[in-house]
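Trainee: For the protein sequence lines, the chains are D and P, in the order given. Residue 135 in our numbering sits at position 135 of the first sequence, with consecutive numbering throughout. Residue 228 in our numbering sits at position 228 of the second sequence, with consecutive numbering throughout.
Hints listed in this document are in silico derivations from the structure and should not be mistaken for laboratory results. A few of these clues could be false.
[To be verified] Incomplete in silico selection of chain D near chain P, CB under 8 angstroms: (1) Ala63; (2) Met70; (3) Glu87; (4) Gln88; (5) Ser92; (6) Tyr95; (7) Pro96.
No residue lacks a Cβ here, since even glycine has one placed at the ideal position from N, Cα and C.
The chain contents come next:
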Amino acid sequence: MAKTAMRVVYGETLVRLGAKYKNLVVLDADLAKSTQTGKFGKAYPDRFFDMGIAEQDMIGTAAGLAAAGMIPFASTFAMFGSGRPWEQIRNSVAYPNLPVKIVVTHAGISVGEDGPTHQACEDMAIMRAIPNMKVVAPADSVETEKLIEFLMTYTDSPVYVRLTRMNTEVVFDSSYKFEFGKGIKMRKGKDITIISTGIMLTIALSAAEMLKEKGISAEVIHMPSVKPIDEKMIVASAKNTGKVLTIEEHSIIGGLGSAVAEVLSEKLPVKLKRIGMNDIFAESGTPEALFEKYGFTDKNILKEALAMMKPGKKAAKPVKKSKKNK
Amino acid sequence: MDAKIAVIGSVNLDILVKTETMPERGETIPGDDVYFLPGGKGANQAVAIARLGKKVNFVAKTGTEEVPGDALKNLKHPNIDLGFLITDKSLKTGIALINTTGKKGNKVTWYTGANKELLPADIEKAKNAIEDSSVVVVCTEIPVATAKKAIDLAKKCGKMIVLSVGALTGKKREDIMALLDGTFVTVMNEKEGGYLSNRVISHMETGNLTGKELLARGTKNVVITMGKEALLVNEKGAEVFPGYGVKVEDTIGGGDAFCGALTVALSEGKSIQDAIEYGNAAGAMVTMKIGAQEGMPDRAALDKFFKERSVEGGHYRDYNDTIKMLEKRTTKMRVNIIKMLGCSKSGHPGGSLSAIDIVSTLYLHVMNVDPKNPKMENRDKFILSKGHAAPALYTALAEAGFFPEEKLWQLRKIDGGLSGHPDMKKTPGVDMTTGSLGQGLSIANGMALAAKLQGSPSRIYVIMGDGEMQEGQIWEAAMTSHHRRLDNVCAILDYNGLQIDGSIGEVKSGLEPLVEKWKAFNWNVIEIDGHNYEQIIEAFESAKNTKGSPSIIIARTVKGKGISFMERKVEYHGVAPTPDEEARALKELGCEN
Numbered sequence: 001m002a003k004t005a006m007r008v009v010y011g012e013t014l015v016r017l018g019a020k021y022k023n024l025v026v027l028d029a030d031l032a033k034s035t036q037t038g039k040f041g042k043a044y045p046d047r048f049f050d051m052g053i054a055e056q057d058m059i060g061t062a063a064g065l066a067a068a069g070m071i072p073f074a075s076t077f078a079m080f081g082s083g084r085p086w087e088q089i090r091n092s093v094a095y096p097n098l099p100v101k102i103v104v105t106h107a108g109i110s111v112g113e114d115g116p117t118h119q120a121c122e123d124m125a126i127m128r129a130i131p132n133m134k135v136v137a138p139a140d141s142v143e144t145e146k147l148i149e150f151l152m153t154y155t156d157s158p159v160y161v162r163l164t165r166m167n168t169e170v171v172f173d174s175s176y177k178f179e180f181g182k183g184i185k186m187r188k189g190k191d192i193t194i195i196s197t198g199i200m201l202t203i204a205l206s207a208a209e210m211l212k213e214k215g216i217s218a219e220v221i222h223m224p225s226v227k228p229i230d231e232k233m234i235v236a237s238a239k240n241t242g243k244v245l246t247i248e249e250h251s252i253i254g255g256l257g258s259a260v261a262e263v264l265s266e267k268l269p270v271k272l273k274r275i276g277m278n279d280i281f282a283e284s285g286t287p288e289a290l291f292e293k294y295g296f297t298d299k300n301i302l303k304e305a306l307a308m309m310k311p312g313k314k315a316a317k318p319v320k321k322s323k324k325n326k
Numbered sequence: 001m002d003a004k005i006a007v008i009g010s011v012n013l014d015i016l017v018k019t020e021t022m023p024e025r026g027e028t029i030p031g032d033d034v035y036f037l038p039g040g041k042g043a044n045q046a047v048a049i050a051r052l053g054k055k056v057n058f059v060a061k062t063g064t065e066e067v068p069g070d071a072l073k074n075l076k077h078p079n080i081d082l083g084f085l086i087t088d089k090s091l092k093t094g095i096a097l098i099n100t101t102g103k104k105g106n107k108v109t110w111y112t113g114a115n116k117e118l119l120p121a122d123i124e125k126a127k128n129a130i131e132d133s134s135v136v137v138v139c140t141e142i143p144v145a146t147a148k149k150a151i152d153l154a155k156k157c158g159k160m161i162v163l164s165v166g167a168l169t170g171k172k173r174e175d176i177m178a179l180l181d182g183t184f185v186t187v188m189n190e191k192e193g194g195y196l197s198n199r200v201i202s203h204m205e206t207g208n209l210t211g212k213e214l215l216a217r218g219t220k221n222v223v224i225t226m227g228k229e230a231l232l233v234n235e236k237g238a239e240v241f242p243g244y245g246v247k248v249e250d251t252i253g254g255g256d257a258f259c260g261a262l263t264v265a266l267s268e269g270k271s272i273q274d275a276i277e278y279g280n281a282a283g284a285m286v287t288m289k290i291g292a293q294e295g296m297p298d299r300a301a302l303d304k305f306f307k308e309r310s311v312e313g314g315h316y317r318d319y320n321d322t323i324k325m326l327e328k329r330t331t332k333m334r335v336n337i338i339k340m341l342g343c344s345k346s347g348h349p350g351g352s353l354s355a356i357d358i359v360s361t362l363y364l365h366v367m368n369v370d371p372k373n374p375k376m377e378n379r380d381k382f383i384l385s386k387g388h389a390a391p392a393l394y395t396a397l398a399e400a401g402f403f404p405e406e407k408l409w410q411l412r413k414i415d416g417g418l419s420g421h422p423d424m425k426k427t428p429g430v431d432m433t434t435g436s437l438g439q440g441l442s443i444a445n446g447m448a449l450a451a452k453l454q455g456s457p458s459r460i461y462v463i464m465g466d467g468e469m470q471e472g473q474i475w476e477a478a479m480t481s482h483h484r485r486l487d488n489v490c491a492i493l494d495y496n497g498l499q500i501d502g503s504i505g506e507v508k509s510g511l512e513p514l515v516e517k518w519k520a521f522n523w524n525v526i527e528i529d530g531h532n533y534e535q536i537i538e539a540f541e542s543a544k545n546t547k548g549s550p551s552i553i554i555a556r557t558v559k560g561k562g563i564s565f566m567e568r569k570v571e572y573h574g575v576a577p578t579p580d581e582e583a584r585a586l587k588e589l590g591c592e593n
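Here chain D stands alone, though its shape is the one from the complex (with noise of 0.2 angstroms):
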């Protein structure tokens, strides 16, 4: 499969769309080459407002294009979207409920070799904490642009778009279509289902494969819209498969898999293991160094998943050659 990198496709469908929507204007915080937005600025100078090293500035005048009739795309790295503007987010976007888009990259470890500063793990919980706020998580190139291109009309509410900094595998085709709360069943299966989110979604898939090996009948949804996130599925899901495991590339606390325990502890308890930071600091490192010590791996989907197979609980009817596997 093709690796693009979906900050790239931002902005270039930033650019594409600039011409038939007048009303978009594009922000940015001094990351304009890094976050891509900087082709719509060339492309149209007049509606493209870098906002220097000003994060919180840069969310206000957001909020007051909006509240004038515009459409704002505010980016620069998940770290400095979310965790600094924070409070201008809630209290002069969502509260308001202003039709801002807030589209980051360089979210998660995979940032890499920057270091903890630039890693942002938090950023869904905080985001997905604001009411009125919704929270997406696109997994390739495909699914950024539709997603995008679904946002130019979109102005019932705020979104927080988490992109992520590296190269990810194209999963969808240009069939793709966007919706919120509507989680995506890219596999179906029996014994255990494996949520994933953003660029986890390949790990997850490659993850299925194995565990077919070992037998084990693996379900995978990708779960793009994080909040409001697909409760139906999710319990359907559990349901059948009486296991979910879930995977991102954030803190375990408030993300995704506290969004899917938060669910199924309301609706459906089952057997619920949730993979991602585990309450610390990462560090630098490449991303695949990374990866690879802090669990984002379908090795470690793998493991986790058979250590869930094995006690004695009534749950999987068929395979029970699993529990060999250790």
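Knowing the structure of chain D, use the given hints to seat chain P on it.
Mentor: Showing chain P alone in chain D's frame:
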């Protein structure tokens, strides 16, 4: 006096349905009741005048009526001479289909019927009606040529002419303007005035501009009714007559009762000012009953109402003098701030009172806004970055007419629509939600950037507190305003010198040198006394004329201004007055309750 009054105008049968809301296009809304009531501007005014004891020569045309009701019901009055009423059985009487939502206004579809056939030749035949009267009222709900004919005849006979403007859609602006010459007074509402002068009449200033234009066409007095208020413009200047707050059933006929009572007063030799006050009282009374004519008071009832409530309805003399207007109306706002906080038992009096003169000047004099259309495109926008001064904003919005004054007593109450800090989703006229300090200027910049991109003349006003300068985001935004050359941003710094924990200097020295700071950020800095209307107005003018850079007005103010025991007191930052303090404060403001 037994001099008669001639009324030349329309007769309609009003079919009226009352609904909760106005239907949108394609929408059907059930109404509770249907009424078939007599109406028409001419008939309404004839009835109003007759009930107030004057003899009326009524000139109009009717036809047959095929719906229940009787358009002539109230016209069959001993004071009304129907000898000049023409009934043509080949025509149909005019019908007005009225959808009313009570207080929230009406939508009217009008079948002109026989009214359209009242021709100049008919006026020639009814010559005696005019010659026999001392005052002639001409309504424009008839063909313009007919109205012209009536006015020309009245002029020839040297009669006092009252021109009652209405139903302008489809008529040429210039044709109507040509009627004005030689009339004593031209009466209209703000919509009609806006139509004639091609501008939105949103407050007294815009009304004054329209008035001046119309005066130039040869009428002696222009009266523009704006809800319960009326504005008079004549060669002496402009005056506002605030009118009476009553429980409104529907607003139909309000303008006609106003015009009728005004005419009666004029026919009795009253001054135009006194006549308007009388008209306001009659207008208020009519709105208390459903339909146009049902609530038209008789003389005794109107005189009683007028006598009992004349203090409240009294006009502000010298309204053309903006400064006096602002003084008067801002004092009322100070009263309202105290009363609101008395009701809510919490809130921020100090900073509301320090900013009120500026907020008041913005809403009553400076900003291009339309209280009837709070989301008007290209309007000027206001951001109260120091959101805790919300009472100042709310009372200004009420005074400007965005919502009724009664709403003010709902401050900080659940479901009251007036949040402790401004909420754009809950309160009409609030352009931005604020409350957390430091954020308003960035938002102003965003709105200003949008205005530039949209080619809009909109100007963005943002009031910040001095303590708020301690927020870092202010300075991020200050750089943005300059970098983007946002000369459509006008910031105002309410420099009252106090914050919650003490004086600005005590809490965190370093605010000064403030003027130099803003200058160093490349802003156009204007320093004023924030309680001096002349200086405030001049500063806004100067900011508007400054091109290429944003302006900040650094306004020296007194926290708690206007209430002696609150002035310069840190304690009144966020503590509402006790009942005793409220009484003392109101007394100081010249308001006894």
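Trainee: Does each hint hold? Answer for all of them.
Mentor: For each hint, the structure was consulted:
no., hint, verdict
1, Ala63, "holds, 5 angstroms"
2, Met70, "holds, 5 angstroms"
3, Glu87, "holds, 6 angstroms"
4, Gln88, "holds, 6 angstroms"
5, Ser92, "holds, 5 angstroms"
6, Tyr95, "holds, 6 angstroms"
7, Pro96, "holds, 4 angstroms"
Hint compliance for this structure: every hint is met.
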